[in-house]
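Undergrad: Chain by chain, the residues:
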Amino acid sequence: VAAAAAAVVTSRGDVTVVCHDLEMVEVTWGLGPNHQGANLSLEFRYGTGALRPCPQYFLSGAGVTSGCILPAARVGLLELALRDGGGAMVFKARQRASTWLKPSPPRNLTLLWTPDGDVAVSWPAHSYLGLDYEVQHRENSNGNEDAWQTTSGPCCDLMVGGLDPARCYDFRVRASPRAAHYGLEAQPSEWTAVTKLSGAASTASCTASPTPA
Amino acid sequence: MVLLRSLFILQVLVRMVLTYNFSNCNFASITDIYCNIIFHDLTGDLKGAKFAKFEQIEDCESKPACLLKIENYTLNPIPGCPSLPEKIFAWRTRAALIGHCPGYPETERNDGTQEMAQEVQNICLNQTSQILRLWYSFMQSPE
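Protein chains in written order, with the working numbering: chain A, 677 to 889; chain B, -7 to 135.
Keep in mind that the hints were calculated from the coordinates and are not lab data.
Possibly wrong hints are sitting among the right ones.
Unchecked claim - Simulated pairs of lysine-lysine, DSS-like, Cα-Cα distance not exceeding 30 angstroms:
| id | chain 1 | residue 1 | chain 2 | residue 2 |
| --- | --- | --- | --- | --- |
| 1 | A | K768 | B | K42 |
| 2 | A | K768 | B | K45 |
| 3 | B | K39 | A | K768 |
| 4 | A | K872 | B | K42 |
| 5 | B | K61 | B | K42 |
| 6 | B | K61 | A | K778 |
| 7 | B | K61 | B | K39 |
| 8 | B | K45 | B | K61 |
| 9 | B | K45 | B | K79 |
| 10 | A | K768 | A | K872 |
| 11 | B | K79 | B | K39 |
| 12 | B | K61 | B | K79 |
| 13 | A | K768 | A | K778 |
| 14 | B | K45 | A | K778 |
| 15 | B | K79 | B | K42 |
| 16 | A | K768 | B | K61 |
| 17 | A | K778 | B | K39 |
Unchecked claim - Reference excerpt, derived from the structure (chain A facing chain B, CB under 7 angstroms, subset only):
| id | residue |
| --- | --- |
| 18 | G752 |
| 19 | L753 |
| 20 | Q771 |
| 21 | R843 |
| 22 | A856 |
| 23 | G859 |
| 24 | Q863 |
Being a predicted model, the structure only gives us computed values, none of them experimental.
Note that CB positions come from ideal geometry on N, CA and C, so glycine has one too.
Extracted from the complex, chain A is given alone in its bound form:
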């Protein structure tokens, strides 16, 4: 659940905020020594309306709160107020929800050999702008995996050249929020599952390879 890259460190311990795909905001706490055993409660609001209680808490095994899921709005400032049992403020923030953006991985990756021997990689767009995409590939013939090589570009396709049509390759993609668009606290999506690309001429040599996560 914890995503260290987006951790906002306060003097009272670590609170992590992640905005999943501009759809929901996940706030987690209780991982540091300062919060253990304390039952924290979260209130939030967009803009200057009334503070609302967390609509859905995560509870730890001991029955104390360890996080909250709340809806994400695309505009307006999200104010978060995390308090301990005595009402003292443990963590406070006021930013756009997108400050903590973590996109979902692209859903359907398409790979196509071109007549020139390049590979055209394409994927569907997200429903919002400001993302770059990282495409990684490696040769993977008969289970011998090379190191990943990375190519980056905007939505929604790019060309990877210099591949051998007689060999087999693994591909994966992730979406990466642009720093100038969302800020430095946003983080890339998870990688897509590996998609295998058979050589343009033959498919038989790829099938023996394992499927890495």
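Given chain A, work out where chain B should sit, using these hints.
TA: Structure of chain B alone, referenced to chain A:
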């Protein structure tokens, strides 16, 4: 001294009446300048500062509305940070607006009064953080 103060107040009042309309700006050109230059100026100024601690004061929901607020925060000196309009990102913001917003006034701004002379680093960092986050809203907003 009193005359200077009166002139400053008069200038502020005139500005409030004659607020420039940013809807005719070339947003694509301003976006390029922000992404390639001003963004790096702003993050450079904030380097080392834990600017997540500064809560955002204002948001905006369209590119013209965001430019209006960016201009206001960037080019008007505030108590505690009189040097803000003289920083390199502010000069470049002004140049971008002059270059890509037809009819944007090129007049010089007041440099700040004596009461503003004391510079407080945390106030400058907070204001810089506010400006950077307004640029994020500009980037995420429709025209």
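Undergrad: Now, for every hint given, state plainly whether the structure supports it.
TA: Hint by hint, here is what the structure shows:
no.: 1; hint: A/K768 to B/K42; in the structure: holds (14 angstroms)
no.: 2; hint: A/K768 to B/K45; in the structure: holds (9 angstroms)
no.: 3; hint: B/K39 to A/K768; in the structure: holds (22 angstroms)
no.: 4; hint: A/K872 to B/K42; in the structure: violated (42 angstroms)
no.: 5; hint: B/K61 to B/K42; in the structure: holds (23 angstroms)
no.: 6; hint: B/K61 to A/K778; in the structure: holds (27 angstroms)
no.: 7; hint: B/K61 to B/K39; in the structure: holds (23 angstroms)
no.: 8; hint: B/K45 to B/K61; in the structure: holds (21 angstroms)
no.: 9; hint: B/K45 to B/K79; in the structure: holds (22 angstroms)
no.: 10; hint: A/K768 to A/K872; in the structure: violated (45 angstroms)
no.: 11; hint: B/K79 to B/K39; in the structure: holds (15 angstroms)
no.: 12; hint: B/K61 to B/K79; in the structure: holds (17 angstroms)
no.: 13; hint: A/K768 to A/K778; in the structure: holds (20 angstroms)
no.: 14; hint: B/K45 to A/K778; in the structure: holds (20 angstroms)
no.: 15; hint: B/K79 to B/K42; in the structure: holds (20 angstroms)
no.: 16; hint: A/K768 to B/K61; in the structure: holds (24 angstroms)
no.: 17; hint: A/K778 to B/K39; in the structure: holds (23 angstroms)
no.: 18; hint: G752; in the structure: holds (6 angstroms)
no.: 19; hint: L753; in the structure: holds (5 angstroms)
no.: 20; hint: Q771; in the structure: holds (5 angstroms)
no.: 21; hint: R843; in the structure: violated (38 angstroms)
no.: 22; hint: A856; in the structure: holds (4 angstroms)
no.: 23; hint: G859; in the structure: holds (5 angstroms)
no.: 24; hint: Q863; in the structure: violated (14 angstroms)
When held up to the earlier numbered hints, the structure conflicts with 4, 10, 21, 24 and fits the remainder.
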